[in-house]
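Chain by chain, the residues run as shown.
Protein chains: 2
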Amino acid sequence: MESKEMPAVGGVLETSIYVDDLDRAIEFYGRVLGVSHMTLGDRGASFDFGPGSVLLIWRRGASARDNEDYPGGMIPGHDGSGPLHLAFKIPTDTYDAWKERLERLGIAVRSEVRWARGGRSLYFDDPEGHVLELATPGVWPNY
Amino acid sequence: MESKEMPAVGGVLETSIYVDDLDRAIEFYGRVLGVSHMTLGDRGASFDFGPGSVLLIWRRGASARDNEDYPGGMIPGHDGSGPLHLAFKIPTDTYDAWKERLERLGIAVRSEVRWARGGRSLYFDDPEGHVLELATPGVWPNY
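For the protein sequence lines, the chains are A and B, in the order given.
Basically the working numbering = 1-based index in the first sequence + 16.
Basically the working numbering = 1-based index in the second sequence + 16.
Please keep in mind that the hints were generated in silico from the structure rather than gathered at the bench.
Glycine included, C-beta positions come from ideal geometry on N, C-alpha and C.
Treat the hints loosely; a few may be bogus.
[Stated by the list, open to error] Partial pick of chain A residues on the chain B-facing surface, computed with a CB cut under 10 Å:
no. : residue
1   : Val51
2   : Met54
3   : Leu56
4   : Ser62
5   : Gly68
6   : Asp82
7   : Ser97
8   : Leu100
9   : Thr110
10  : Val147
11  : Trp156
12  : Asn158
13  : Tyr159
With the hints as constraints, model all of the structure from the sequences given.
Rendered as structure tokens:
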């Protein structure tokens, strides 16, 4: 940390992944995680993961150019490839229910991890190979 | 949402980016955003963005293979490329201070956006071209 004048940065608000098939992603994240999209457009969709937590799922290539069309200002472009990784929070007492739910939905649990701090994680892939994790408290010093 | 038995998923816990130069990233995120790493290893580093919010910065390629070395279970591999996008939360009344801070540090503000809901964003790049955003409340229905 720097001086007292250092303004405070809060948590991560938006996380991005990139997919070939946005319709399939919307169906999967809705069916498996129970989340719905807040916005849906030509470039991608935004998903509500609770207060101050947004997953952006972009159509691959569609967000690569700077977007000059928004009246409030230019939105810089970005685009990614490869199987990315993100994790979502689940309460400790829902771990078994989540595992059963994934199995019931035919989603292969690729791995289960017990962390040194006591937390547990379930790993599975989304339809495009992004590596998803459901993690209970006890994984990090700040969680 | 599904039935009453649906276990609750919480917010995004972990977000990943991939870099060629981890030392440079650690220096940049520390100096510019004031965050420090919780862990640092051969594969990457984890950064504390406040309670339940973790940014994982991976050495490009180093996390691609499944990690069988952790005693608590296999950690699936992943790896990404391209300029990814993520956003961090800032309080509304720190917007101007953040803008001045970026300018003082010689970080080019690529764009400022005023969103329809009243929120504002500052966009800038990290040293590897990842598109970072500092966003005040009023950007999303859930923020």
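Evaluation of the provided hints:
{"no.": "1", "hint": "Val51", "in the structure": "7 Å, holds"}
{"no.": "2", "hint": "Met54", "in the structure": "5 Å, holds"}
{"no.": "3", "hint": "Leu56", "in the structure": "13 Å, violated"}
{"no.": "4", "hint": "Ser62", "in the structure": "7 Å, holds"}
{"no.": "5", "hint": "Gly68", "in the structure": "5 Å, holds"}
{"no.": "6", "hint": "Asp82", "in the structure": "8 Å, holds"}
{"no.": "7", "hint": "Ser97", "in the structure": "5 Å, holds"}
{"no.": "8", "hint": "Leu100", "in the structure": "5 Å, holds"}
{"no.": "9", "hint": "Thr110", "in the structure": "4 Å, holds"}
{"no.": "10", "hint": "Val147", "in the structure": "4 Å, holds"}
{"no.": "11", "hint": "Trp156", "in the structure": "6 Å, holds"}
{"no.": "12", "hint": "Asn158", "in the structure": "5 Å, holds"}
{"no.": "13", "hint": "Tyr159", "in the structure": "5 Å, holds"}
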